[in-house]
Amino acid sequence: MNTQPSEVERQERVRTVRYAAVVVLTGALLCCGPRHSTQEQPATVPPATAYEAHVVAGDTPPPSGSLRNPHHGDSAVARSGALLFTAMNCDGCHSGDGSGWVGPNLGDGRWRYGGADAEVFSSIYYGRPRGMPAFGAVLGSEGVWTLVTYLRSLTAPPDLPTESWQN
Amino acid sequence: MRAAFIAVLIELAAAVGCGSGAQAAGQAARAEDGQWTMPAKDYAGTRYSALAEITAQNARSLHPVWTFSTGVLGGHEGQPLVVGDTMYVVTPWPNVLYAFDLTHEGYPLRWKYRPEVSANAIGASCCDTVNRGAFYAEGKIIYNLLDGHTVAVDARTGREVWKTQIADVGNGETTTMAPLVVRDRIIVGAAGGEFGIYGWIKGLELSSGRILWTARNIGPDVDMVVRADTFRPPYDHGTDLGAQSWANESWRTGGAPVWGWVSYDPQLDLIYYGTGNAGPYNAEQRSGDNKWSASLLARRPQDGALVWAYQFTPHDSWDYDATGAMVLADLTIAGQAVKALVHFDKNGFAYTLDRASGRVLVAKPFTTVNWAQSVDLSNGRPVINPAKQTGASRGNIKDICPSLEGGVSPASPPAYSPRTHLFYSATNNFCMDYEVRPARRLKGTPFMGVTSPYSAGSGGYLGSFMAWDAASGTKVWENKEPFPNWSGALVTAGDVVFYGTLDGWFKSADARTGHVLSKFKVGSGVVGNPITYRSPDGRQYVAVYAGFGGDWALIAGDARSDDPSDIRAPADPVKDIGRHTSQGGIVWIFGL
Chain A
11 MNTQPSEVER
21 QERVRTVRYA
31 AVVVLTGALL
41 CCGPRHSTQE
51 QPATVPPATA
61 YEAHVVAGDT
71 PPPSGSLRNP
81 HHGDSAVARS
91 GALLFTAMNC
101 DGCHSGDGSG
111 WVGPNLGDGR
121 WRYGGADAEV
131 FSSIYYGRPR
141 GMPAFGAVLG
151 SEGVWTLVTY
161 LRSLTAPPDL
171 PTESWQN
Chain B
347 MRAAFIAVLI
357 ELAAAVGCGS
367 GAQAAGQAAR
377 AEDGQWTMPA
387 KDYAGTRYSA
397 LAEITAQNAR
407 SLHPVWTFST
417 GVLGGHEGQP
427 LVVGDTMYVV
437 TPWPNVLYAF
447 DLTHEGYPLR
457 WKYRPEVSAN
467 AIGASCCDTV
477 NRGAFYAEGK
487 IIYNLLDGHT
497 VAVDARTGRE
507 VWKTQIADVG
517 NGETTTMAPL
527 VVRDRIIVGA
537 AGGEFGIYGW
547 IKGLELSSGR
557 ILWTARNIGP
567 DVDMVVRADT
577 FRPPYDHGTD
587 LGAQSWANES
597 WRTGGAPVWG
607 WVSYDPQLDL
617 IYYGTGNAGP
627 YNAEQRSGDN
637 KWSASLLARR
647 PQDGALVWAY
657 QFTPHDSWDY
667 DATGAMVLAD
677 LTIAGQAVKA
687 LVHFDKNGFA
697 YTLDRASGRV
707 LVAKPFTTVN
717 WAQSVDLSNG
727 RPVINPAKQT
737 GASRGNIKDI
747 CPSLEGGVSP
757 ASPPAYSPRT
767 HLFYSATNNF
777 CMDYEVRPAR
787 RLKGTPFMGV
797 TSPYSAGSGG
807 YLGSFMAWDA
817 ASGTKVWENK
827 EPFPNWSGAL
837 VTAGDVVFYG
847 TLDGWFKSAD
857 ARTGHVLSKF
867 KVGSGVVGNP
877 ITYRSPDGRQ
887 YVAVYAGFGG
897 DWALIAGDAR
907 SDDPSDIRAP
917 ADPVKDIGRH
927 TSQGGIVWIF
937 GL
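Just so you know, the sequences run in chain order A and B.
Heads up: the first sequence begins at 11 in the numbering used here, then just goes up one per residue.
Heads up: the second sequence begins at 347 in the numbering used here, then just goes up one per residue.
In short, the hints are calculated from the structure, not lab data.
All values reported here derive from a predicted model rather than from experimental measurement.
All C-beta atoms in this analysis are idealised placements derived from N, C-alpha and C, irrespective of residue type, glycine included.
A portion of the hints provided could be inaccurate.
Facing chain A, a subset of chain B residues (Cβ under 10 Å, in silico) [what the hints assert, rightly or not]:
#, residue
1, Ala-377
2, Gly-380
3, Ala-470
4, Cys-473
5, Phe-541
6, Tyr-544
7, Ser-720
8, Leu-723
9, Arg-786
10, Phe-793
11, Met-794
12, Pro-882
13, Arg-885
14, Gly-903
15, Pro-916
16, Asp-922
Extracted from the complex, chain B is given alone in its bound form:
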């Protein structure tokens, strides 16, 4: 058994490319191996699998074949990995790592890894104790612990290989994002946009965990690893843009965290990631564009050098993090083949960019948007509605759409099918009032100063799951949901798309029409991301976490039941959600 397993690992190492790097990884992505070894399936972040046993014709008979309680109640964002004949599951804090043996009936554990993770990190997490998943590389499972550590665990034995402190919980930094490994570099970042951190991204050495480079997302060029010979932003000129665009050196506590996803283009040798909101929420304390908060940054993985950057929301006055996934796809736009990057932003616009240059090609709203009228493609800037500009001197600004929960949550990554040429994404339909006050940073406490009640957007629904044509910026179909949709997307070569709902349904739908093919109530609201894989029995399965959570303002504290000393009223305007779900992490596997 062990010899067979090692053989699988060797085969896998060859396929994923230990050492030979990006080229081999690219080949592995093209030849479907039935595994799911990184958060978004591939470097491009497509969450597309070429497996096609489950089709739009037979998905009706999908049913659960296995479940497992993780024993943890926090919001189960992220997704499992399947490597060879093992499934790996990371829980929210306290970040237990489970390894399930897919070759035995009942999928018993091969091992579990229980790291020591400081409970102090719970209070330094703005929005629940989530973890967005692990990455498999060179025989190691790499993931972040909530308290500012990255760990490498031997994928075969479960033994800790190394553990590195990358962030400071006492400064408001927590680590929820999913790492990305490129060659011998691990790319990691930290959350903390609500705590006034000085946002950054780091490159660690895969073999040792040593921190090889640190690049700030805001601040002077020297801190941001901006060099005159390599930095070519599409719309900006000058030096120290990340410092000059912040009055009174407010970049020092300006936020711009990294709590989402990282993509990679092997040909261009660029990593892509989005930065979170600028802090504090009172934008009058940080006059200027506040580059590069709420932005997309393209860097070289080897040394972190910034190659270009584009800001979705200059002078962010609405908490519009840009930490949502950056999906790389080769599209045809107006007859031209384009190496594109597609991003659904919290600010309600879906962007299609040229991923070599950073220039915006298409930017259209995918949900109700009123903070800006449009995006000016000549300079990449939003045409802002001045009536929706917020600030402490402006009082309570009413009815801003989308809400700060986002037109889509960055925690809900989209999928892209090269067969349908469509992107699939959850959406939210919320608006908000926004009243800010001057905030003072007190290290270790929130640096926010906002009151922002939500209201339902128009149309009588709170969320949806949609198909989007990123070449034209148009919605192709949309399944409206009674609650905000906080699930990631999966699409397959069987032309089936999968997603969960906040009230606890797991659904499959026809990728071309949106017609729902199957649904099953999975015990808790879904805020995780479905994956698919071929098991050792040769069959295709779909796995997803149930486990309501991920945002206390949204999800209604009355959906928690584990603490008799903490009783919450239902959250407006999702009062009924507590009727349909409660917390609890469960791994589900579905098959035909």
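Chain A extracted, bound-state conformation:
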């Protein structure tokens, strides 16, 4: 239940921009294969997040952790995330623009496992049932946050619920 950013998180934020540049410009992440950063500590990821709007028994929600995206709304990081989305083969399942293929549409503003930053983080970091791989070990928290920032920058069309064939 670490509601305050940890020391490791604060350090990560400082490293952010440089990290994204490394990933995107040199592809270092991709050339080194699965990576277990020595700086990566389990404490940077909460033990649990309230990833879905579950029905709450007894009107008492269970305690849950939270994470803050250090790049929330940062369009430069979002652009880096778009490149990372392709480089990590995300497009192979979710399509090049995230509009969905075998994997669901990520740009429709709707989410199976929640669309808040921390919820999307959990989906990528730990994977999900039905075949979403866990990317936490190869991307690290910073790489996942970069992807989250990109995905959260996608906007859904306003008429999304309705598909009409009438003129």
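Chain B: place on chain A using the hints.
Below, chain B without anything else, positioned relative to chain A:
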């Protein structure tokens, strides 16, 4: 009742040939028994039935007599089996097996088998959670579960006899293909051409499920079960062709999956199957021919030894899988009797080969083709149009025909009638732009790197159903369809051909003219393959699955309605398909 059923099974065992093997199976194929015990009706893969109660004269009165919701929404490829007085149906993931009692009104279930199948396999499936069907042999229903297992289920009791892991989902291998059983060998393979697998085919022991041999489709001779004394390719010489034709050992992640169909010639004792695309899509990462991806392989079923191989699309730069069916037929070509093999390839050419030697006799385009001008019969190689060669350094190559969906989907097997001497096949009329980038393999994720938007081919239609003369390489008739055609074909001795459409019509047509005799809207788009059989009541029926799906890029995600958190726009250029169909698996039976 049970005694009577066992008697039927014993009779059936005698007909299909428990133990006496190929010879008896060949006899069973010649004498029409009214059953449908293997995916394509017979080892030759003809999807031809000698039943003739339904004819071109009376097919007009075909109507549905029974339907059953499978409760599953994935694309319903494949086909039911009818063995004795039971119909068997395998669903897409989670691969439920239903056994219907055809002796009782309403065809109630005798049993259903619900295996545990990992949901992780859903994400490792490139193109929907399909299953291409089961095989009946020696009292067992044999089929593949999506998560890399083959199972044998007792055809009478529904109890699991054995279950064998054959593939690794974590490595991108899924198992959608229809097995083939020859004597005591079960032939199985795995999909994964979009995940950088090291493609293979395996022989399992029918009684135990034990893996007896594994043969890679690419790589060094020792992995491919290539031996100097048995390997006789029609156009190639040398050793380790499956490794030498890949720069930098790129065969290790080169794909060449097996996700379609297997045929068998009892006289030559050869199994025939096609391999899928080479990976990744950026062909510049794998210079060379990339043998034997996008190829036809002939092996001995007993030990898997490769006898010959022919590559339809060398250095595949367009995702032209060759996993479509290989249909064996004895044809007369230029006055000569030929033991032929006919194959409609994703690359848009229809091939007629000598199935003993592997030499190409006829190769003609059956749809719009511009990646190659022709196939050179002197060396079997396509004459490639250099302007359509793709690669990461070449940028966006525009207007390549056919698209990577194929001139026909390999999921849509053709039929052959020995009465009309014609082949019947669905086709697609798509072209594409193709832009690839360097891809890096990250195990468990796609190994592709392509953007490939589709456009309609010329002529104002997106698909068709056609009759093809494989002796001359000419189209005899063609029914154009507004949408791509993703259905398999069935033809009967009543000279009626059956097929479904993506917008959900099930049609019968005159096999000689293509004239549509009947059609019925079956509730969901058809991507399955019709079968016909004689029921315990002595009458001929036709069965087919409805159940739109099988390829997310093509079929438009807006045709799914089961997930409120996943809303898709219509897919170009089939924008209207969602107006005509939605997902949902239904088994249909039609009768007179």
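Given hint Asp-922/B near chain A, where the shortest CB pair must fall under 10 Å
Given a least distance of 7 Å, the restraint on Asp-922/B holds.
Agreement of hint Gly-903/B with chain A interface, Cβ distance less than 10 Å:
holds, 5 Å
Would you check whether Ala-377/B satisfies its interface hint, that is, whether its CB is within less than 10 Å of any CB in chain A?
violated, 44 Å
A closest beta-carbon separation below 10 Å is what the hint needs, so does Phe-793/B meet it against chain A?
Holds, about 7 Å.
Interface hint compliance - Tyr-544/B to chain A, C-beta minimum distance less than 10 Å:
violated, 18 Å
Restraint check, 10 Å cut-off on beta carbons, for Pro-882/B near chain A
violated, 40 Å
With a cut-off of 10 Å, does the beta carbon of Ser-720/B approach a beta carbon of chain A closely enough for the hint to hold?
Violated - the Cβ of Ser-720/B stays beyond 10 Å from chain A, reaching only about 34 Å at its closest.
Can Ala-470/B be said to touch chain A, with a Cβ gap under 10 Å?
holds, 6 Å
Taking the least C-beta to C-beta distance, is Gly-380/B closer than 10 Å to chain A?
This interface hint is violated because 39 Å lies over the 10 Å limit.
Minimum beta-carbon distance criterion (10 Å), Arg-786/B to chain A
It holds, given that the least Cβ distance between Arg-786/B and chain A is near 5 Å, below 10 Å.
So, Leu-723/B near chain A? Judge it on the closest CB pair being under 10 Å.
violated, 37 Å
Residue hint Phe-541/B, partner chain A, criterion CB-CB below 10 Å
holds, 8 Å
The structure does not agree with the numbered hints 1, 2, 6, 7, 8, 12, 13 stated previously, though it agrees with the rest.
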